[in-house]
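Student: As a plain string of letters, each chain reads:
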Amino acid sequence: MELQNLTISQIQKDRKDGKYTSVDLVRAYFIRIKKYNPRLNVYLAMCEEQAIRQARESDQRFILGKLKSQLDGIPVAIKDAICTQEIKTTASSNVLKNFIPPYNATVVEKLTQAGAIILGKTNLDAFAHGSSTENSDFGVTRNPWDMGRVPGGSSGGSAVAVSAGLATIALGSDTGGSIRQPASFCGITGFKPTYGAVSRYGLIAMASSFDQIGPMTATASDARIVLDAIAGKDPKDATSFDLEEPKNIKKNFTLGVPKEFMTDDVDTDVQDTIFQAIKILEKNGAKVKEVSLPHAKYALAVYYIIQPTEVASNLARFCGVHFGEAREQFGQEARRRIMLGSFVSSAGYADKYYQKAEEVRVLVKADFDQAFEKVDLIVGPVAPSPAFQIGEKASDPLKMYLSDILTVPVNPAGLPAISIPCGTVSREKKNLPVGLQIIGPQKGDYEVLFVAEHFQEITDFHQQKPII
Amino acid sequence: MKLSQKEKQKYGAQIAGILAYVESLQSVKTDRGRIIGQIAGLKNVWRDDTLQWSLPDKDILANAKNIHSGNFQVKAMLENKDN
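These protein sequence lines map, in sequence, to chains A and B.
Just so you know, we're using my numbering here: the first sequence kicks off at 1 and counts up by one.
Just so you know, we're using my numbering here: the second sequence kicks off at 469 and counts up by one.
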């Protein structure tokens, strides 16, 4: 069974053709997971018994012609920042090393109701603080394209699960790029929905005004199927709303390329790969224009003031009384962000830092609003470089933060954005994937997915998989 | 959070570096003092004021280290001097 390029539609077809059952599929995944997990360190927890039971139930429904949804029988990996009832959920932190949630996150409840099968919980930077998965308290996850390199972060485990064929689909979360950047580094599709499109109930909170859960998949088509299953207004998340799928989507889009995204800060061959991808879209009917986002250069500063402030507030609940270990168990990055966030929001400094950052945030969003009057979607790179070496940026926090420079403008503006594979570049004789970012206006999720799906119909970059 | 002297120096230097980076915002002209709510366009989100059940007590207490008579036990904050 070729597990590395499986998609939802392929599984549905194989099942109809009698090639294998859901139980066969789940068993095959666990054989592969047990073989590769020791080296890759993707899964922190595995749910083999429960998964086989769920697969059996799915097979019974299949025989009766009563499948619950397109996701019935599909194996999914869940980022360990998302609560799963009775399955240990640690946020990759020693503070939660023994935490067993008594409830499911809304997205998990929805996937379970749809018949999806949870294989296990994937590794991340502890509390989602990071861009490489090196901040996990349980070891780094390795990039299957080059085992000496990071998978990106914070949803590194989920990205590798899909890239290495250890799950068909995965859930990640994105606060400043944590779905898109690892998707780019691992050669898969990663989608961050419009803020509020997917409920955050049960997501261990990082920055509450930026966080969104989203699909990490082999294709944009699969991402759309997952989005349909997990999106929607949730009474348990007051910031959630019902995303409407538009009745008609126009065929030929105008794409804007921000000049601020294609500077010397981005590796030359990454820029070339992105330009080639944009050319392909242009040859196939898209109009391409240059746009400007003059305040995008301040977005990282805005992000690294507001996000730590919200982090410091959210991490205050980990007092060791209701659950969890003592606060002394927080790792370095969590400590840094708690200190930074507490400082920039404290009396005497809040006006200079936090209030100012919120004011510039409005300008960052306004730039996007103005650009979207001229173009339908914005395209550009996801990261300035392909996956970097393990340890390369770990000792310099600011250097690590700078690798987010192209993804962070999106979250403060609440916009939907996707990363899809668009080619590879060579580093030390290894081919490393590069992701194309497509950003939409608020609630433009389906337009983003449409163009991504269209790109994947006319190219096959997304079918390239690492050899493990 | 308790920090050792060495940690204070290390984090101090790193945070100073980050603060130096974010200084760049000071040069941006903004509407000073404007009250920013949120950017998602949300307005008052209501629900009916009806009783909604939460989790059973045993689930809520399941992850706590110290429980006393079905309650979370915390460190004493007031000393009892009358003993």
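Keep in mind that the hints were calculated from the coordinates and are not lab data.
Just to be clear, a hint being listed does not mean it is correct.
Said to hold, decoys possible - Between beta-carbon pairs, the in silico distance windows are:
(1) A:Arg61 with B:Leu546: 56 to 62 Å
(2) B:Pro524 with A:Asn431: 30 to 36 Å
(3) B:Ala530 with A:Leu398: 20 to 26 Å
(4) B:Leu546 with A:Pro294: 42 to 48 Å
(5) A:Ala326 with B:Lys526: 52 to 58 Å
(6) B:Pro524 with A:Arg61: 25 to 31 Å
(7) A:Gly139 with B:Pro524: 34 to 40 Å
(8) A:Asn431 with B:Lys478: 17 to 23 Å
(9) B:Leu510 with A:Glu457: 48 to 54 Å
What the hints assert, rightly or not - With a straight-line Cα cutoff of 20 Å, these simulated SDA-like cross-link-like pairs (lysine to any residue) come out:
(10) B:Lys474 with A:Lys365
(11) B:Lys511 with A:Val362
(12) A:Lys19 with A:Ser9
(13) B:Lys476 with A:Ala312
(14) A:Lys88 with B:Val542
(15) B:Lys476 with A:Gln329
(16) A:Lys365 with B:Gly509
(17) A:Lys97 with B:Gln494
(18) A:Lys365 with B:Asn534
(19) B:Lys533 with A:Val362
Even for Gly, the Cβ is constructed at its ideal location relative to N, Cα and C.
Student: Could you run down the list of hints and mark each one as holding or not?
Tutor: Each hint, compared with the structure:
The beta-carbon spacing between Arg61 of chain A and Leu546 of chain B, approximately 59 Å, falls within the hinted interval of 56 to 62 Å. For the hinted restraint 30 to 36 Å between Pro524 of chain B and Asn431 of chain A, the CB-CB distance of approximately 53 Å leaves it violated. Separated by about 40 Å at the C-beta atoms, Ala530 of chain B and Leu398 of chain A break the suggested range of 20 to 26 Å. Separated by about 56 Å at the C-beta atoms, Leu546 of chain B and Pro294 of chain A break the suggested range of 42 to 48 Å.
The given range of 52 to 58 Å is broken by Ala326 of chain A and Lys526 of chain B, whose C-beta atoms sit roughly 24 Å from each other. Taken as a hint, the range 25 to 31 Å holds for the pair Pro524 of chain B and Arg61 of chain A, whose Cβ atoms sit roughly 30 Å apart. Hint check: Gly139 of chain A to Pro524 of chain B, Cβ distance near 36 Å, so the stated range 34 to 40 Å holds. The hinted range of 17 to 23 Å is not satisfied by Asn431 of chain A and Lys478 of chain B, whose Cβ atoms lie roughly 37 Å apart.
Distance hint check for Leu510 of chain B and Glu457 of chain A: the Cβ-Cβ separation is about 36 Å, which falls outside the suggested range of 48 to 54 Å. Taking the CA atoms of Lys474 of chain B and Lys365 of chain A, the gap is near 40 Å; set against the 20 Å cutoff, the hint is violated. Distance hint between Lys511 of chain B and Val362 of chain A is fulfilled; the C-alpha atoms sit about 17 Å from each other, no more than 20 Å. Of the supplied pair hints, the one linking Lys19 of chain A and Ser9 of chain A holds, its CA atoms being roughly 14 Å apart against a limit of 20 Å.
The hinted pair formed by Lys476 of chain B and Ala312 of chain A meets the criterion: a straight-line CA distance of about 18 Å does not exceed 20 Å. Note on Lys88 of chain A and Val542 of chain B: the hinted pairing is violated, with a Cα-Cα distance of about 24 Å set against a maximum of 20 Å. The straight-line distance between the Cα atoms of Lys476 of chain B and Gln329 of chain A is roughly 17 Å, inside the 20 Å bound, and the hint therefore holds. Restraint check for Lys365 of chain A and Gly509 of chain B: the C-alpha separation of about 12 Å stays at or below 20 Å, so the hint holds.
For the proposed pair Lys97 of chain A and Gln494 of chain B, the alpha carbon gap of about 41 Å is over 20 Å, so the pair is violated. At most 20 Å may separate the alpha-carbon atoms for a hinted pair to count; Lys365 of chain A and Asn534 of chain B exceed this at roughly 46 Å. Proximity of Lys533 of chain B to Val362 of chain A is assessed by CA-CA distance (about 44 Å); at most 20 Å being required, the pair is judged violated.
Figure legend: structure checked against the earlier numbered hints; hints not met, in rising order: 2, 3, 4, 5, 8, 9, 10, 14, 17, 18 and 19.
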